[in-house]
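S.K.: Construct the complete structure from the given sequences, taking the supplied hints into account.
Top to bottom, those sequences are chains V and U. Per the numbering used here, the very first residue in the first sequence carries number 1; after that it's consecutive. Per the numbering used here, the very first residue in the second sequence carries number 1001; after that it's consecutive.
For the record, the hints were derived by calculation from the structure and aren't laboratory data. Bear in mind the structure is a predicted one, so any value in this text is a computation, not a measurement. Backbone N, C-alpha and C fix where the C-beta goes; we use that ideal spot for every residue, glycine too. Careful, some of the hints might be misleading.
[Claimed, not checked] No farther apart than 16 Å at their CA atoms in a straight line, the calculated lysine to aspartate or glutamate pairs in the EDC-like style are these:
id, chain 1, residue 1, chain 2, residue 2
1, U, Lys1093, V, Asp61
2, U, Lys1020, V, Asp61
3, U, Lys1077, V, Asp2
4, U, Lys1067, U, Asp1105
[Stated by the list, open to error] Label pairs and their computed distance ranges (CB to CB):
id, chain 1, residue 1, chain 2, residue 2, range
5, V, Gln28, U, Met1188, 22 to 30 Å
6, U, Leu1126, V, Val65, 47 to 55 Å
7, U, Gln1191, V, Ala115, 46 to 54 Å
8, V, Leu103, U, Lys1029, 27 to 35 Å
9, V, Thr25, U, Arg1181, 47 to 55 Å
10, V, Gly107, U, Gly1189, 17 to 25 Å
11, U, Thr1123, V, Arg42, 55 to 63 Å
12, V, Thr25, U, Asn1016, 29 to 37 Å
[Stated by the list, open to error] Away from chain V, derived, C-beta distances all over 12 Å, residues of chain U:
id, residue
13, Glu1133
14, Gln1191
15, Ile1216
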Amino acid sequence: MDCGTCDSGPAIVINTPQVVQVELTMTQKATEMLEDAFGDDRSHALLVGVLSGGCSGYMYDLQIVESTEIDCQELEINGFRVLVPNASSHLLNGIEIDYVDRLMGGGFKINNPNASSSCGCGESFS
Amino acid sequence: MGLFQLDSYVLLLSGNDGLKFLDGLSTNKVSGTCTTVFTDQNAKIIDMVDVITVGQNIALVGHADYKDRLIGHLSSKILQQDVIFRDITPNNKVYLSTEQWIASDGVTVVQTFRGWLLVVSNTIHLESTMTLEEFNDYRVENLIPHQGHEITSNVHPFNCGLEHLVHESKGCYIGQEILTRMRSRNKMGKQLIQIQNPTETATTRGTTNSLDIRKIN
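M.R.: Here's what the structure looks like:
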């Protein structure tokens, strides 16, 4: 295989969607659960991202991080730092972060007006 | 038997998330060199691709006519992951050997269910030793599907002899819910079969036998 020249060759042009200024909301229940998780420590942030994969093509990725190397926009929602990667901002603008309290399928849940479909478990969307 | 030049593309993925990225979007477990299938939301095939790990990079070898569809499918899924695609098709030719072929300088060889796949630098000259008719006979006799014939956007992997490329227990990917439901209910629809000539509906016509996709009762 000849890939000796590929590193200097051009990468395939990916049509990167435009970065949008994200607005998101968080329900009272989600806020309470984050207060339990964070305690009084506000040095960490909630990273709300999107990865490829899942039954519908995109998967939500929620992490509590101190910092990240990902290019993000930082929001303050209900007293919490929320980081949203610019690369997935077009998929996350307008979302509501909720928390569902039930034995099966419970946990944080994203209500996304941009999703045309989502899989049964609610973790992935398209 | 012998060597046949395929009409293929070769994409090179670099970045730290390549295998994970491919694994999350295709039917087989992708943790190294393997063959896998990319499917759409209806579990219909986008392309069957040979994944070849090459040092820190990953080569994807698929059918030339399906390249744009696959790139379109994959590129919209790259968000914050560290994945970069390069098209190295112009630098390489792709062959399928029906017999074992030893790798050499400029010739990458992987064994697949179709035979030995060779990705060969353009600086190296290899001659096909099989005609298209001989290649088709080889496929018919060994029940090997091929893009443009059996592997098309109208079918899902179970229809065209690619059931072994649909992993039974891996996590979610696009089309997974449909394929898992079909398998668990044992309702996988039409299947790839070999039939004796003459036949009107063959997807690949061989000299004495042909391939067809039919409902099996």
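S.K.: It remains to establish, for every hint, whether it holds in the given structure.
M.R.: Each hint tested on the structure:
Simply put, U/Lys1093 and V/Asp61 have alpha-carbon atoms about 39 Å apart, too far for the 16 Å limit, and the pair is violated. Pair hint U/Lys1020 plus V/Asp61 holds up; C-alpha atoms about 15 Å apart against a cutoff of 16 Å. The suggested pairing of U/Lys1077 with V/Asp2 is violated, with an alpha-carbon distance near 27 Å, which exceeds 16 Å. Between the alpha carbons of U/Lys1067 and U/Asp1105 the distance comes to roughly 27 Å, so the proposed pair goes past 16 Å and is violated.
Between V/Gln28 and U/Met1188, the C-beta spacing of about 47 Å breaks the proposed range 22 to 30 Å. Between U/Leu1126 and V/Val65 the C-beta distance comes to about 51 Å, which sits within the given range of 47 to 55 Å. Remark: the range hint 46 to 54 Å for U/Gln1191 to V/Ala115 is contradicted by a beta-carbon distance near 35 Å. The hint said 27 to 35 Å for the Cβ distance between V/Leu103 and U/Lys1029, and at roughly 30 Å that hint holds.
In this structure, V/Thr25 and U/Arg1181 break the distance hint of 47 to 55 Å, their C-beta atoms being roughly 35 Å apart. As the Cβ distance of V/Gly107 to U/Gly1189 is approximately 36 Å, the hint placing it in 17 to 25 Å is violated. Remark: the range hint 55 to 63 Å for U/Thr1123 to V/Arg42 is upheld by a beta-carbon distance near 60 Å. Under the hint 29 to 37 Å, the C-beta atoms of V/Thr25 and U/Asn1016, about 33 Å apart, fit the expected range.
No beta-carbon of chain V is positioned within 12 Å of the beta-carbon of U/Glu1133; the least distance is around 28 Å. Under the 12 Å C-beta cut-off, the non-interface status given to U/Gln1191 relative to chain V holds; the minimum distance is some 25 Å. The non-interface label for U/Ile1216 is consistent with chain V: the shortest C-beta to C-beta separation is roughly 28 Å, beyond 12 Å.
Of the numbered hints stated above, those contradicted by the structure are hints 1, 3, 4, 5, 7, 9, 10, listed in ascending order.
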